[in-house]
Amino acid sequence: MASAPLRLNEDRLFPAEPGTRAIARELYGLVRDLPIISPHGHTDPSWFSENQPFGNPTELLLAPDHYLYRMLYSQGISLEALGVPSRKGEPDTDPREAWRTIASHIHLFRGTPSAMWLNHVFVEVFGLDVRLSAQTADHYYDVIDAALKTDAFRPRALFDRFNVEVLATTEGPTDTLDHHHIIARSGWGGRVITAYRPDPVIDADHEAFEGALEAFGDITNCDVYSWKGYLEAHRLRRADFIAAGATSSDHGHPSALTADLSDAEAEALFQRVAKGKSSAEDNELFRAQMLTEMARMSLEDGLVLQIHPGSYRNHNRLLFDSHGRDKGADIPTRTDYVHALKPLLNRFGNDPALSIIAFTLDESAYARELAPLAGHYPALKLGPAWWFHDSAEGMRRFREQTTETAGFYNTVGFNDDTRAFLSIPARHDVARRVDSAFLARLVAEHRMEMDEAAELAVELAYSLARRAYKLDAPLVADPARQRA
Amino acid sequence: MASAPLRLNEDRLFPAEPGTRAIARELYGLVRDLPIISPHGHTDPSWFSENQPFGNPTELLLAPDHYLYRMLYSQGISLEALGVPSRKGEPDTDPREAWRTIASHIHLFRGTPSAMWLNHVFVEVFGLDVRLSAQTADHYYDVIDAALKTDAFRPRALFDRFNVEVLATTEGPTDTLDHHHIIARSGWGGRVITAYRPDPVIDADHEAFEGALEAFGDITNCDVYSWKGYLEAHRLRRADFIAAGATSSDHGHPSALTADLSDAEAEALFQRVAKGKSSAEDNELFRAQMLTEMARMSLEDGLVLQIHPGSYRNHNRLLFDSHGRDKGADIPTRTDYVHALKPLLNRFGNDPALSIIAFTLDESAYARELAPLAGHYPALKLGPAWWFHDSAEGMRRFREQTTETAGFYNTVGFNDDTRAFLSIPARHDVARRVDSAFLARLVAEHRMEMDEAAELAVELAYSLARRAYKLDAPLVADPARQRA
Amino acid sequence: MASAPLRLNEDRLFPAEPGTRAIARELYGLVRDLPIISPHGHTDPSWFSENQPFGNPTELLLAPDHYLYRMLYSQGISLEALGVPSRKGEPDTDPREAWRTIASHIHLFRGTPSAMWLNHVFVEVFGLDVRLSAQTADHYYDVIDAALKTDAFRPRALFDRFNVEVLATTEGPTDTLDHHHIIARSGWGGRVITAYRPDPVIDADHEAFEGALEAFGDITNCDVYSWKGYLEAHRLRRADFIAAGATSSDHGHPSALTADLSDAEAEALFQRVAKGKSSAEDNELFRAQMLTEMARMSLEDGLVLQIHPGSYRNHNRLLFDSHGRDKGADIPTRTDYVHALKPLLNRFGNDPALSIIAFTLDESAYARELAPLAGHYPALKLGPAWWFHDSAEGMRRFREQTTETAGFYNTVGFNDDTRAFLSIPARHDVARRVDSAFLARLVAEHRMEMDEAAELAVELAYSLARRAYKLDAPLVADPARQRA
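The listed protein sequences derive, respectively, from chains A, B and C. Per this note's numbering: the first sequence = residues 1 to 484. Per this note's numbering: the second sequence = residues 1001 to 1484. Per this note's numbering: the third sequence = residues 2001 to 2484.
The hints are simulated quantities; they were obtained by calculation from the structure and are not laboratory data. For clarity, every value in this text was computed on a predicted model and none was experimentally measured. One thing to keep in mind: the hints can contain errors.
Said to hold, decoys possible - In silico lysine to any residue, SDA-like type, Cα no more than 20 Å apart, as pairs: (1) Lys-1470/B / Glu-1300/B; (2) Lys-88/A / Arg-325/A; (3) Lys-1149/B / Phe-1162/B; (4) Lys-1470/B / Gln-2075/C; (5) Lys-470/A / Lys-1228/B; (6) Lys-1228/B / Gly-1276/B; (7) Lys-470/A / Glu-1300/B; (8) Lys-2277/C / Ala-2208/C; (9) Lys-88/A / Phe-126/A; (10) Lys-88/A / Glu-207/A; (11) Lys-1470/B / Gly-2076/C; (12) Lys-2228/C / Glu-2300/C.
Could you build all of it, start to finish, from the sequences and the hints given here?
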């Protein structure tokens, strides 16, 4: 076992039936080398502004990947043993020991997308050719560690090697965007843009809301404790983000609820929220109203509005107390879209100039709610299979359950939504293979002609994302609005 | 592309694996030429009573088909451009221009059932042999328009050519049923029956309820403002409908809620509803109680009770204001059956003489609620995959998720539920192919013998619908009840 | 038809594609003869303590199997005609007549797991070689009846022949466990253990709660009307059950709700419940709190905690009045886990020493809630596809929807959960085949290597269940706790 070879089969993820596989292979051949469009993700822009070498295999591949450590944690391995930081800071875990721990538990990932992504990285990025195991852990560590010390493995070199045409990061409403400015001025040709994620100043249930709101006033010089000033601050920051390349905003609310309050109602609600006198219902309604406000601003400045609802954040109270947010303890919940989106759609949903992209963690809404909504409202499109569903089976269910009602053209291609930079090519490769396989089945069952499938393969892998996220012609920031 | 050939592959919708495909082909061969039973649909009976030629391609194929114009609308094309009537009436759109619009956007339907249905109509009904595109739009328009002017394309001729054994339309409670009477007296052999859809006098949330109730009194000469008179009016109209061939009633409520109130409670509730003094909760409860009243009447007169719940009607407020109902803006919602149907099932569900057919737009209820309910209660059967789910993937999910618990014999075959008359053979053909493919998989995986699958193929394509909708021996109207 | 041959195809339930089928066959070859681990079920321990011959084919195969009689009942056949007991006792139905009734309706089971299980029993247990039908009904009855009169078909002989390594029954909190004691002392080598199912003294909505609570006090000599005494009684009985081999408790609540009340709150709630003064909300909250209490005790004594929520029991009121519980009228409902399990998981979910196994009847929770929860919390694992979903399609959906997020190692193998003893090998065989087919697809699509799949096949068929249910090293009862 120790020296079991590791190879990526050229036909992986294609259906076994030879006729269908041949079609899938042909379709995939059309898209495998297309540039990567990554319009939504969570990589760190400082990697590309500073272009420093990554630290070590554990710090790069294990510690930031909640898919990996949540699975190990579920089987009784402590986060400390994996080098995952707690509220007290970095544990003093030897990174090589942490690497040995995942290596000796790698069987836990059998059948998961993590296994496919890791193997892709091991082979394609680091040229490894034996499987990871307890026996090969040190060999892996040494090979990867040595590579990371070379210039070819610095962030910009990898970005270029990965053939990324555009990569969006996500920044909060009080971010200076300095890293993006440095990248823009650097002369390096990589297109790294930002996206506007104002949750910290919209979600009053967030533990840092009060401080974020104050900082929001500081960075914009607006009176963010008045409703008008608060909205103006958002407009200014959106202009700042557009100047840093942004083409979209992103909203990770617990639910998809939207509202369309009168000005007076909205102002009164805001006052309760801003003064810390709001109830849980107030906070939910305020988030709801702000989605509609963001849509209104999108019609002014052109940002695409992304709605990512349905995660119960920080479900594990003890872990939240000890380790803070984003530690693999966010759990999807049942999510309503039909009633929740109605106020916003009733207000702006018929305007083809608006572009709303809705995601879901509740697959039961695909065929029942989201495909019918996106197959009707001009302003609404469907984001790809997301988060836990960003997997071979998840992507297949997405296509099977949305295509017949919403078609392909009300979807927006793939996005990787990841902070694991090295896995980006792997994730796009999986998406391209799964979509090729889906299209191949339609062709093999004579539900579509080959030339149609060939066109669609390129749309799904590349063009739809470019168009849906307005990446063809970057938005122009309104100088009157912009601060920095 | 302009002259790309259009052909219907004989193996379309069959699995690609050659062994399974051969079985599917054999099973389909047993059912492809069986007559069409269409026990539930929304074609216009005047077509068959008057037998006038259809107007033009757009008026026939595009304007009445909400599957088509909702998709085009979702991509920013106005309903006016498609010739869809608004509240102000028919737009003065040139039908040929509207046809060109759909032709140049036909790629939007790739992977949807609409694409399969349209191509079936183009080839089988009109003999077209090139694909629809911007380049071929005028050719299509000319060919179809010319055909529609010939006697062979009048409604009765098509009905006969389509090998329709029985076709049910749906009429409201104040309909005179004149078209059905004319058909019956015409000497033409086509069996076009009606179905009783009393929603307008049951659903007090319907904008036309008040007027419909008054007309209901006029046509029945009953005091429909008393509870007893109101129920008697339903009994009379059901007898009228039975005399016009009806074997079923149909109820499109927002939810599946049923109730079993005492007489006094029901009467008091009715008084509030009839006097326009009811709350939203009253209206929901009244609809619920009326399902139970309809079941009680079914035990008297034999009509099959169809429950079609779970659509949020007229979700798009602006579009409803400008264009009215049924414009592609009805969106499915999560639907409970277990609690909702309990009052009705507790009252009448153990009586094998009653036949209730439940449909769903919420596929998550198939395996969890509907199959277990239908696999237990003698009075309950499952309607086929419906509306948005009336598609290859939708029908497959229906079989995969209901068969193991409810079996095949608690289902009722296929119905097309369409107002697009020309698509009826296409839709039944898709259903027959998908069911043949499903059965073929069971045979190929040795979960069923071939002779069993062959029997089932005929049941699913033909016999189950005949039996479930009591079409073998038409119901006899009670002359004492009947008015006309 | 009468003499149609009956054979079990060696490749049944394997995918038709020859390459994948060959892999499935190879994987299945590794597990087909492994011993059966049946850690959760409802067979009658008196069969094994008394080892008397089974009565007749109807009494053995039909009357106790609600899968069979619910389907027949749904098609209008009375329970009396099938020999199913009512509240008045056994009907005087001739068992041979009942057998003829199912034989002449056997087509109703086409495509259901019951058909596969029955045929497996007919061929493998009784050596029958023609299909069951109206024509062969008497032949079947005679063959089976004759076999049952022989020693080779007594319970213990069948247990040995079935290669059952361990079989768990389920007993209530007031059971004396005499049958298990007799088995233990008998010298027979069969391992038949019990499981602790305290619902009757936890669920105050149960019609027998009051009497059960009194008996609970009698058998434990505890003051079960005080909160402390009541908890102590549970501890004593758990020790008794452990002494009779138990390694798990089992909780069949309507919902998955858990609670974590203060001692004072819990005691006050208990007082209302014990005195019959509790509301429906109280009863729900008490069940919720008791799951947390059971988890606390599990951390003391090691019992695995099984949660089986989501069934609406006795949905058919008339049938409940006439025939009592467990007559095929339990219907699954929508079930929340994310909010419901949070109190318990927040209290004990991070402790790897605790083992909670959660089941569901609501498949929409697999990918959305259960896999993410089990893929994070150390204490939580997923039970296999359950009850209505214990079928080829149901098991496939379970794997497809849970594996990518929870992996295989957060699942616990298969359990048959049946009272139909003879079907146990059939059910495990179906599970082994379906899992082999699932793994074969992963191998064929190059998502897993063959050696990994081979290891997993054995885990899923045998090892995971042994480990998850702690069957390797039986728990040791605390003598200080134990009563009998």
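Cross-check of the supplied hints:
1. Straight-line distance between C-alpha atoms of Lys-1470/B and Glu-1300/B comes to about 15 Å, which keeps the hinted pair within the 20 Å bound.
2. Annotation: proposed proximity of Lys-88/A to Arg-325/A holds, straight-line Cα distance about 13 Å (limit 20 Å).
3. A hinted pair counts as satisfied when its Cα atoms are at most 20 Å apart, and Lys-1149/B with Phe-1162/B qualifies at roughly 18 Å.
4. Taking the CA atoms of Lys-1470/B and Gln-2075/C, the gap is about 16 Å. The hint holds against a cut of 20 Å.
5. The suggested pairing of Lys-470/A with Lys-1228/B is violated, with an alpha-carbon distance near 63 Å, which exceeds 20 Å.
6. With a C-alpha separation of about 18 Å, the suggested pairing of Lys-1228/B with Gly-1276/B holds against the 20 Å cut-off.
7. Between Lys-470/A and Glu-1300/B the CA atoms are separated by roughly 63 Å; this puts the pair beyond 20 Å, and the hint is violated.
8. With a C-alpha separation of about 15 Å, the suggested pair Lys-2277/C and Ala-2208/C falls inside the 20 Å cut-off, and the hint holds.
9. Distance restraint check for Lys-88/A and Phe-126/A: the Cα-Cα separation of roughly 33 Å exceeds the 20 Å cut-off, and the hinted pair is therefore not satisfied.
10. For the hint linking Lys-88/A to Glu-207/A, the alpha-carbon distance of about 17 Å falls within 20 Å, and the restraint holds.
11. Distance check on the hinted pair: Lys-1470/B and Gly-2076/C sit about 16 Å apart at the alpha-carbon level, within 20 Å; holds.
12. Under the criterion of a C-alpha separation no larger than 20 Å, the hint pairing Lys-2228/C with Glu-2300/C is consistent with the structure, at around 16 Å.
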